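Protein chains: 2
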Amino acid sequence: MREIGIGVLGFGTVGAGVVEGLFKNGDLIAGRSGIFPVVKKIADLDVQSDRGISLPADILTTDAAAVIADEEVDIVVELVGGTAIAKDLTELALRLGKPVVTANKALLADHGAELYALADERDTGIYYEAAVGGGIPVLRAQREGLIGNQIESIFGILNGTCNYILTRMEREGLPFDDVLADAQALGYAETPPDLDIDGIDTAHKAVLLASMAYGAAVPMEACPTSGIRGLSKVDIANADELGYRIKLLAIIKRHAGSVELSVEAALVPKAAMIGSVNDSFNAVFMKGDIVDDTMYYGRGAGRLPTGSAVISDIMEAAADVLHEAGSPIGITMMREHASLTYLSADEVQKRCYLRLTLADEPGAMAQVMNVLGEHSINVASVIQKELHPNGAVPVVVLTEQAREADFCGAIETISSLAICKAEPIRMRLEDFEDESR
Amino acid sequence: MREIGIGVLGFGTVGAGVVEGLFKNGDLIAGRSGIFPVVKKIADLDVQSDRGISLPADILTTDAAAVIADEEVDIVVELVGGTAIAKDLTELALRLGKPVVTANKALLADHGAELYALADERDTGIYYEAAVGGGIPVLRAQREGLIGNQIESIFGILNGTCNYILTRMEREGLPFDDVLADAQALGYAETPPDLDIDGIDTAHKAVLLASMAYGAAVPMEACPTSGIRGLSKVDIANADELGYRIKLLAIIKRHAGSVELSVEAALVPKAAMIGSVNDSFNAVFMKGDIVDDTMYYGRGAGRLPTGSAVISDIMEAAADVLHEAGSPIGITMMREHASLTYLSADEVQKRCYLRLTLADEPGAMAQVMNVLGEHSINVASVIQKELHPNGAVPVVVLTEQAREADFCGAIETISSLAICKAEPIRMRLEDFEDESR
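Line order of the protein sequences matches chains A and B.
Taking numbering that gives the first Met the number 0, the leading residue of the first sequence gets 0, the next gets one more, and so forth.
Taking numbering that gives the first Met the number 0, the leading residue of the second sequence gets 0, the next gets one more, and so forth.
No distinction is drawn between identical chains; accordingly, a pair holds when it is met within one copy or between any pair of copies.
Using 30 Å as the maximum straight-line C-alpha spacing, the simulated DSS-like pairs for lysine-lysine come out as follows: (1) 232 x 269; (2) 252 x 23; (3) 232 x 349; (4) 420 x 232.
No lab work stands behind these hints: they were computed from the structure.
These figures come from a predicted structure and were not determined experimentally.
Let the sequences and hints guide you as you build the complete structure.
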């Protein structure tokens, strides 16, 4: 039995989950792999708080650099978070030729290219299964399981906080602000919640999935991002009535000569499998040119699920260290292309949900339909709802596919009509025709 | 760029898919992995038929042994099928120290232990991602992604033919025999269909999943197996009315000191994610003690999807060959324990669906309820349907959890009652409370 020494940087939620998992199942892991993972050192600024884990003496220290440099530490696990200190510590480990396992999506989305280059230069690796989809082994599936495939599309529900909020809004008919406040009180959402609810966390993960799919370090600027802040319960109820749910999606599609990338709230069919991904669960739908549709589902966050992914990376890094495999396959997949072309947001073809508030007068609907027609937008269905108390008529339109630029033009014109009584609401609709067969 | 030589044995559906995939995406795979997979030789008894792939001259031969022995062949891909010649050829390759990639679940379920031992003795590996779940990288997820987890349970929909038949029976209200005949005419089911519809193919796959989960070569005898042959459309309609669908499930559960294993048709909730796995799709739900619920979904069969999984194994074997990694982790996971204890079928706790046909007379239902009570079976719900033309009353009962031995005893007693007018129908019910949250 060979041993491998682990140094953990950051003993917060995930750090404690990793250590707990390694202590609990260390023998099992060693039996399976022939390698015993031994936690040699843990660094955290807080060496006092009880994490409910009994540790050997002298294992906990405030000196992260000493943990990295420790001769007994073969693999460095970076769970500090953020992009400042975490970057310094990651670089320190890589410069010593030690592989780094991390769950830090922000760090990799912002500084991935230079860190991968440094790892490669020092003939070692960065392993980041836990950075996307929490406990779901989705990067491993993509990188190894689908290695023979050109990736045609990826749809991800990648933020558990947003999915939890959306699920409760739908089930309980509550407004966004109430559910968010409750989620914060329960510890399911952070304060401030911006990274989650504005889609930035999802965009970090989308960028990592796209980078791996297309072999280039995709910058955050390539991913137009919006979130679910202020989403109205009216739209959730309308979607429900029409057979849809609203999900915050990462959308990645391969077109001839370009890649489409965005993070946005979208209507998805309740009857499709993606409509069954509720509460804080995550899922990634990935279509390859050879394998066709695949899907990966599980807990996208949490102490132990994220710990499970970190442990899988530790054992992969351990095998690579022992085989002297050097800079592993996951990294070379990022460097396959020099550059990618991104589809301009204006050129994206999509279906949309529109909610309009029109004056209750003859010809109002006709004016709207004329504007849509002038912008080459075909209407799939229209629902005119009962009168509002104030005399305005709510109208819901589901469109066929059209260009984003045409949607923007049409909405601008509709907004300017005298019969338009409130700012139009628009959301993407993805019908998952293939996936829901 | 390093090259790796591939020898393919069997140029049927999957063999052609593998070769087509490697030809189509060889450059992409090489860009990602740094290894170019080159098909050096293909063996098949039929060297005449057009598979729609243009091959280099002299690549196709009838001499499988010569392909294995060929110096340029580093990796042998066994796609011959069956357990006779396939076993001989696999042994021949392993004895030469060449890794074998295979999609042959029957071969591994029946002869896995001796083949793994031989591979280990010759310091090489057997790779079989394509043997379970077709294109879904589920074994890789289990073996690597969940390496830190004790596997608590696995539920698999693993046979596309059965799932296709069940889906069509439900959607079109057709009887089993008609859908089977149609599936055979369309090439979705084989003639004879026994391996699929009697659950044997699913059991082969269940045994491989359980073997990997618990580190022992699980024998087929440990898996009580039944299929969907003769399933009545009445039961499908009843299930539908109650909010369930019938699926052929592989069920693996870990109990204190034993493993529960079976293949059987079962009712699953339509609203749970497993209820959305329709048509010929496969899915595996796997719960780990650390990661909690995960799920993997995709095409369980077909030329290209299965080819995708074979290609992923080829590239893993290639990396192992080039790193001289020897006998890889997947195999050691099979040898972790010397033996397993299997839960006796009589002791399995489950919920059941019962369909009884009772005489239309006072007290008939009371007699049934008494029998169930005497066998410690609690009733969750009862539906008494309209009278049949012949005066018999159809009654549907959903039970709470009870022991299989008690169900057997109760059914035997009920069958012997004068008021019991037809053989009772019984099926397992899995409510997936955890997975459907």
